[in-house]
Structure formats: C-alpha cells, structure tokens
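With chain A held as given, fit chain B onto it using these hints.
Heads up: the protein sequence lines correspond to chains A and B, in order. Residues 163 to 396 in the working numbering are what the first sequence spells out, letter by letter. Residues 852 to 950 in the working numbering are what the second sequence spells out, letter by letter.
What the hints contain is simulated information worked out from the structure, not anything from laboratory work. Keep in mind that a hint or two might mislead.
Claimed, not checked - With a Cα cut of at most 30 Å, we get these calculated DSBU-like pairs of lysine-lysine:
1. Lys168(A) to Lys882(B)
2. Lys882(B) to Lys344(A)
3. Lys344(A) to Lys931(B)
4. Lys344(A) to Lys878(B)
5. Lys878(B) to Lys255(A)
6. Lys255(A) to Lys395(A)
7. Lys931(B) to Lys390(A)
8. Lys882(B) to Lys395(A)
9. Lys395(A) to Lys344(A)
10. Lys390(A) to Lys878(B)
11. Lys392(A) to Lys882(B)
12. Lys931(B) to Lys395(A)
13. Lys878(B) to Lys392(A)
14. Lys931(B) to Lys168(A)
15. Lys172(A) to Lys931(B)
Stated by the list, open to error - One-sided and incomplete, this derived list gives chain B residues near chain A with beta-carbon spacing under 7 Å:
16. Ile856
17. Cys861
18. Thr866
19. Val879
20. Pro881
21. Phe889
22. Ser890
23. Ile902
24. Ile935
25. Leu945
26. Ile948
Think of the CB as a built atom: it goes at the ideal place given N, C-alpha and C, for glycine as much as any other residue.
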Amino acid sequence: MHSIKKPLLKGFLDMLPLCLAVIPWGILCGSLAIQNGFTPFETQAMSLLVFAGSAQLVAIELIAGNTPLLTILFTTFIISSRHFLYGLAVRHKVIEQPMRWRLPVSFVLTDELFAFSHHPRAYQTQTRLIYALSAGFSFYIAWNIWTLIGIVAGTMLPDLTNLGLDFAIAATFIALVIPGIKNLATLVTVIVAGFCATLLKSTGFELWLVCSALLAMSAGYAVTRIVKNKDAKS
Amino acid sequence: MMTTILLMACITFFTRYLFLHRALPFKVGPKMQQFLSFSAPAVLTAIWVPIVFINDEGINLSWQNPYLSAAIVAIIVAYKTHNIYLTTLAGMGLFLILN
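Just chain A, with the same shape it has in the complex (with noise of 0.2 Å):
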C-alpha cells in the first residue's frame, strides 16, 4: 500500500501547478458553450470525453457557428495532430506494457502529462505508471471541475484569459522548458520552435503548431549531428 502512496501523491503534486495554470481555460470551457447554447450536460460530456483544451474551445466557436459537421472534425484532427508526436515520443517506453496500462495512458497522454515523460524510465516499472495515471488523471479531474464552474457561473464570471491569465500557462511551460536546455540542440530546438510557433500562428495559418515543432526538431536533431561529426573528426 505504502509504494502506492508515494508515487500516487508525487503525480499529484507535480501537475498541481499545471492543473491550477488551465483554470481560465477549464472555465472559458464551460461558460463558453454555456453561453453557444450548449446543455450544461453536453458542455460537461464535452471535457469529460475530448479532454482537449484547444479543440474544444474552436469546436465550441464552430459549432455555434453552424459550421459543417466534416469541417469541424477536421480541424480537430489538425489541433489534435501533435499527439500523434507524443504517441511516437513514448512508443519504446509504454508499447511493453499490457493494454490496461496502454489505454488508460494514452486517454490522457495530453500536452501537459507529455512534459512529465521525457524520464529515461517513465512508464516501464509499475511505480512510474502509477506517477503518470496519478499526473494524468488529476489534470483530467481538474478540467473537469473547472468545466463545471464555468458551467455554473456561465455568463457571471468575466472571461478570465482577458484579463490576462492565460500567461499562467505560459509560467508553467517556462518552468518546464527551460531547466531541461542543457545543450545547444535543445537551446536551438527551442529558439526555432518560439520564432517559427510566433511568426505562423500570427499569419492564421492553421498548421502553426505542428509545423513549427517539426521544424524546431528537424532543427535540434541537425545540431546533434553536427556537434557528433565535429567530434568524431577531432
């Protein structure tokens, strides 16, 4: 029981700060389809079953708006497409598992519980499988409770990532990023991903995210080989 406990409460406190970082959005969430005309029960189906922030948002515009349900299902699969990123990252470490391990993973392999999986040994002793649920499935909880509040206060709150919030999200991914840039690979990979991430999303272009994190890859692994032929020569 007692080896449970410790890697359950430690995926707890390690997505704490990122669970309370989404609470603009888990709100915008709820009070947004609230507000589109959304049932309290669909709104609420919505974060429980997608569970994926930024689909749900534009999902919740679009269908509002009337839009074709095809167009629709195809610009989540576009803003859903960087999983398929996560899915290969963590292949090696998660395939040896059995499916009842695999499954529940891969339902909350979000944005957030992939920062927690770059660990060598992530996902492949018990005790670090039940870190990732605990990590995965509290931010899970979270954006539901969050959902629900926007639910409830519907048109009564402001609309907190105007006021500014949403740069608590940005904090959180600092704090992830940056402590991890121990190479000039990765300092590029970074530099590439921000300029590349800045300039397409400001154009509208609608494969922003995908792209610029391709390219800033193709741009960090460029930089291994290199830096490992000049060393091979010298």
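Leaving out everything else, chain B in the frame of chain A:
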C-alpha cells in the same frame, strides 16, 4: 450535438492512442528516437512563446508588453531554481503587478 462530441472524442483519442497500438508493425529507430527527443521542448515552446508575443492586434515585441517582462523573469527564475512553483509564482506575481 452529442454525435459531434462523440466523434470529436474518437478523433482526439485516436491521435493519442495510435502509436501506442502494439499491432502497428514498426520500431522507432535510434535516429528517429533522437529526432523525437526534441518533441517536448519543441511543442511546449511553440505553445508558450506565442502567448507572450501575440495579442489581439498581432505580434507585440514592445518592452511595454507585460507578458514579455514577466516571461523574462520566469525564464531567469526557472534557470536558477529549476522549481516550477517558484517560477510560476514569480512570473504570475510580476505579471499581475504590471498588468
């Protein structure tokens, strides 16, 4: 409406689960693995940097931009302390004062 929500759920789950499916017959080679090792810093940075630099009017590179000064402080605290709580508190604290 529920049909749309259910179909959306299928799509997001599909994108998360696909490469964790064992029957997919491929192995990620060492070069591909090296490439993928940059995915976390790449995606997370691609999410947070536009939050700092883009507002409703477009790209904002001015020093008056409270997102920018708060982000710089957060970066320094993250670099020095490696602590997510301190970083978030320092960044948010300065941001709320400036904004």
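Going through the hints against the structure:
no.: 1; hint: Lys168(A) to Lys882(B); result: 35 Å, violated
no.: 2; hint: Lys882(B) to Lys344(A); result: 20 Å, holds
no.: 3; hint: Lys344(A) to Lys931(B); result: 13 Å, holds
no.: 4; hint: Lys344(A) to Lys878(B); result: 27 Å, holds
no.: 5; hint: Lys878(B) to Lys255(A); result: 12 Å, holds
no.: 6; hint: Lys255(A) to Lys395(A); result: 33 Å, violated
no.: 7; hint: Lys931(B) to Lys390(A); result: 29 Å, holds
no.: 8; hint: Lys882(B) to Lys395(A); result: 20 Å, holds
no.: 9; hint: Lys395(A) to Lys344(A); result: 23 Å, holds
no.: 10; hint: Lys390(A) to Lys878(B); result: 24 Å, holds
no.: 11; hint: Lys392(A) to Lys882(B); result: 18 Å, holds
no.: 12; hint: Lys931(B) to Lys395(A); result: 35 Å, violated
no.: 13; hint: Lys878(B) to Lys392(A); result: 29 Å, holds
no.: 14; hint: Lys931(B) to Lys168(A); result: 27 Å, holds
no.: 15; hint: Lys172(A) to Lys931(B); result: 22 Å, holds
no.: 16; hint: Ile856; result: 5 Å, holds
no.: 17; hint: Cys861; result: 9 Å, violated
no.: 18; hint: Thr866; result: 4 Å, holds
no.: 19; hint: Val879; result: 6 Å, holds
no.: 20; hint: Pro881; result: 10 Å, violated
no.: 21; hint: Phe889; result: 4 Å, holds
no.: 22; hint: Ser890; result: 5 Å, holds
no.: 23; hint: Ile902; result: 4 Å, holds
no.: 24; hint: Ile935; result: 4 Å, holds
no.: 25; hint: Leu945; result: 10 Å, violated
no.: 26; hint: Ile948; result: 11 Å, violated
Consistency with the previously given hints fails for numbers 1, 6, 12, 17, 20, 25 and 26, ordered from lowest to highest.
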